[in-house]
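Asks: If you read the protein sequences in the order shown, they are chains A and B. Each residue of the first sequence is one higher than the one before, counting from 1 in my numbering. Each residue of the second sequence is one higher than the one before, counting from 1001 in my numbering.
Some hints could be false.
[Claimed, not checked] Straight-line Cα separation of at most 25 Å, SDA-like style, residue types lysine to any residue; simulated pairs: (1) B:Lys1190 with B:Leu1172; (2) B:Lys1079 with B:Glu1117; (3) B:Lys1190 with B:Glu1124; (4) A:Lys259 with B:Ile1004; (5) A:Lys259 with B:Thr1110; (6) B:Lys1079 with A:Leu203; (7) A:Lys259 with B:Phe1089; (8) B:Lys1079 with A:Ala65; (9) A:Lys259 with B:Ile1062; (10) B:Lys1189 with B:Arg1015; (11) A:Lys259 with A:Asp301; (12) A:Lys259 with B:Arg1015; (13) B:Lys1189 with B:Gly1223; (14) A:Lys259 with B:Pro1056; (15) A:Lys259 with B:Ala1233; (16) A:Lys259 with B:Asn1068; (17) B:Lys1248 with B:His1171; (18) B:Lys1079 with A:Gly49; (19) B:Lys1218 with B:Lys1190; (20) B:Lys1189 with B:Lys1218; (21) B:Lys1190 with B:Arg1207; (22) B:Lys1079 with B:Arg1015; (23) B:Lys1251 with B:Ala1233; (24) B:Lys1079 with B:Gln1112; (25) B:Lys1079 with A:Leu33; (26) B:Lys1079 with B:Leu1011; (27) A:Lys259 with B:Ser1093; (28) A:Lys259 with B:Pro1088; (29) A:Lys259 with B:Ile1072.
[What the hints assert, rightly or not] Under 8 Å between C-beta atoms, here's a sample of chain B residues computed to sit facing chain A: (30) His1071; (31) Ser1085; (32) Pro1106; (33) Leu1134.
[As the list claims (entries may be wrong)] Facing chain B, according to a computed beta carbon distance under 10 Å, are these residues of chain A, among others: (34) Thr140; (35) Asn242; (36) Thr253; (37) Arg295.
It should be emphasised that the hints constitute simulated quantities derived from the structure, not laboratory data. In this text, a Cβ means the ideal position worked out from N, Cα and C, and glycines have one as well.
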Amino acid sequence: MMPFPFPAFPYNALMSQNLYRIRQRRYFLILILLSLCALATLGLSLLSGSVSIPLTQIISALNGASGEHAAIVLDLRLPRALAAFACGGLLALAGAMMQLLLRNPLADPYVLGVSGGAAVGALCALLLATPILQAPLALTGALLSTFLVWFGAFGFGQFGFGKTEPALAIGIMPRLLLTGVVIAAGWGALIVLLLTLAPDAQLRGALTWLMGDLSNARVYWPALAVLAFTLSLIWPQARHLNRLVQGSQYAETLGVPVKRTQMMLYLLAALATAASVVTAGCLPFIGLIVPHALRLMLGNDQRILLPACALGGGAFLMFADVLARTIAAPYMLPTGVLTALIGVPIFLLLLRRA
Amino acid sequence: MPEILLDVRRLGFARHRHELFCDLSFQVRRGECWAILGPNGTGKTTLLSCLAGLLPNYRGEILLADQNIAHISLHAQAKLRAFFSALPFDAFSLTVFDAVLAGRHPHFPTWQWENEEDYALTCEALALFGLEALRERDVRTLSAGERQRVALAAMLTQQPQLYLLDEPAVHLDPGQQITALDAVCAHVKKQCAALLMVLHEPHLATRYADHVILLNGKESQWGDAAQLLSEAALSQLFHTPMIALEKKGVKTFVPSLAQSSGTASPSRR
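Based on the sequences and whatever the hints tell you, model everything.
Replies: Below, the structure written as structure tokens:
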């Protein structure tokens, strides 16, 4: 990993009055750099493909020119790149939120069965050949999964905004994690069942989709809208999340509305996961890798980490998608295979460094 | 600000239908330092959690600076009282500096970041506990005693009126116990705040506390430390013979110096 070109805080050289300005400037710079990085990846994504289109034509297409090349850029490459950006951002954000909720750096929407629920819903629609139902069914699946996990871990009596019950407050997180794992296994079995029942004609499409595939991601704006919505709701809570991650009781003594914040984390993570699963199927590892890598580079301040996850996750998935399209051209690999193949070694490397 | 920081009226708490304590009524004034002593399992931590507003299902009333804590938000309480409890497990990396800065959390609104004053307070607290050299260290790499001092420093930056400490001396060596508690108590006195802490060591209680609560179910006692602390009271409380030691007019209590000859003391249940 490239270290960022900012000096460590020179506490001894500078008085405390300058410390916070340095820190804020550093955070501002990081966001600018990540935005530039995402933009560059978008450019790369528009440039690469089976037909080579020069940069000048891409720019003129974006400015409204028409023609065969403009059609390829505007109807194929741009939607796919933006869908990749949105899904990557959503998954990284969902992963970061799950990790905060469970206070476990290895948590992920997949671990808690949220994406499993969304996948089962979307798969049902795929096999029933009713694509119009895909989004609502996936969201239903993700929400159902969320509520199952939540009820399983907290019980019906706890499903309120009251104060945390002491006995539960201690064991709540391991219970939540275990319930999530069990429910994810249940969804996994349902997926196999659906695939067994599926007619052969649809089996290949369903399998590709399950591995994560952006080739059918034409409609990108719902995912982008959900990304903006999720970030705008959770970013203002980042200050509370910084304390929540130190322990829910400690956060409570500092005046953090723990229960409300946890509920928000869970619901928003479910929404983000469902939106990404509908758009591009199951893309593994992004929710785990991106927040982890960014945390190692930027530290664990959620005020910077959450927007960084949205940008970095988007850039990561766009890049993985470029590779998926070009690495074995003219064949297109499922993007999920690529994210897993990139993700596993990076994850192992990060673990060694940490 | 009112003179009486904490007014506890007929406080009781039952867990699993078992009565931990009942009818506790005491008032903590500015500048006072209270110690809570008692055997394991009598509800010392539960009592502090009740006072910190973390356990809502107590009986009786708790008034924090004249306001009933059942009616004010945790955020409002966080500006008035700090609660130091057993160390949480650090799942994510965090620098010592940020861990101490965390104490400032109740004092600024959502979109505002920490300002110069918060940083200055943090530097001050780090210096007070001798943690300057550690401030870039990850809290997960600290020893338990160092982590404990970081948590104490974070509590001081919160700058409340009332300090609630659950076993602040645990994990610390005798030298650090004295240095750390001296620093905390001097800080509390300087701010004209009040302090309530659970202690297991009678010698720390006699050193720091002017009032004590001897928590022991229905036989709980509270009041002036000099009056309540005696060989008989502490022996009964801890079910082991305790003896007084006195040097230069300062008195403290320790378990009897010789090992008992195998027979348990008659008061042990």
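Asks: Taking the hints in turn, state whether each one holds.
Replies: Checked hints:
no., hint, in the structure
1, B:Lys1190 with B:Leu1172, "holds (24 Å)"
2, B:Lys1079 with B:Glu1117, "holds (16 Å)"
3, B:Lys1190 with B:Glu1124, "holds (14 Å)"
4, A:Lys259 with B:Ile1004, "violated (31 Å)"
5, A:Lys259 with B:Thr1110, "holds (17 Å)"
6, B:Lys1079 with A:Leu203, "violated (60 Å)"
7, A:Lys259 with B:Phe1089, "holds (19 Å)"
8, B:Lys1079 with A:Ala65, "violated (61 Å)"
9, A:Lys259 with B:Ile1062, "holds (23 Å)"
10, B:Lys1189 with B:Arg1015, "violated (35 Å)"
11, A:Lys259 with A:Asp301, "holds (20 Å)"
12, A:Lys259 with B:Arg1015, "holds (22 Å)"
13, B:Lys1189 with B:Gly1223, "holds (19 Å)"
14, A:Lys259 with B:Pro1056, "holds (14 Å)"
15, A:Lys259 with B:Ala1233, "violated (43 Å)"
16, A:Lys259 with B:Asn1068, "holds (22 Å)"
17, B:Lys1248 with B:His1171, "violated (29 Å)"
18, B:Lys1079 with A:Gly49, "violated (58 Å)"
19, B:Lys1218 with B:Lys1190, "violated (36 Å)"
20, B:Lys1189 with B:Lys1218, "violated (32 Å)"
21, B:Lys1190 with B:Arg1207, "holds (18 Å)"
22, B:Lys1079 with B:Arg1015, "violated (29 Å)"
23, B:Lys1251 with B:Ala1233, "holds (15 Å)"
24, B:Lys1079 with B:Gln1112, "holds (17 Å)"
25, B:Lys1079 with A:Leu33, "violated (37 Å)"
26, B:Lys1079 with B:Leu1011, "holds (23 Å)"
27, A:Lys259 with B:Ser1093, "holds (23 Å)"
28, A:Lys259 with B:Pro1088, "holds (18 Å)"
29, A:Lys259 with B:Ile1072, "holds (17 Å)"
30, His1071, "violated (13 Å)"
31, Ser1085, "holds (7 Å)"
32, Pro1106, "holds (5 Å)"
33, Leu1134, "violated (12 Å)"
34, Thr140, "violated (32 Å)"
35, Asn242, "holds (7 Å)"
36, Thr253, "holds (4 Å)"
37, Arg295, "holds (7 Å)"
The structure fails hints 4, 6, 8, 10, 15, 17, 18, 19, 20, 22, 25, 30, 33 and 34 (numbered hints given earlier, in ascending order).
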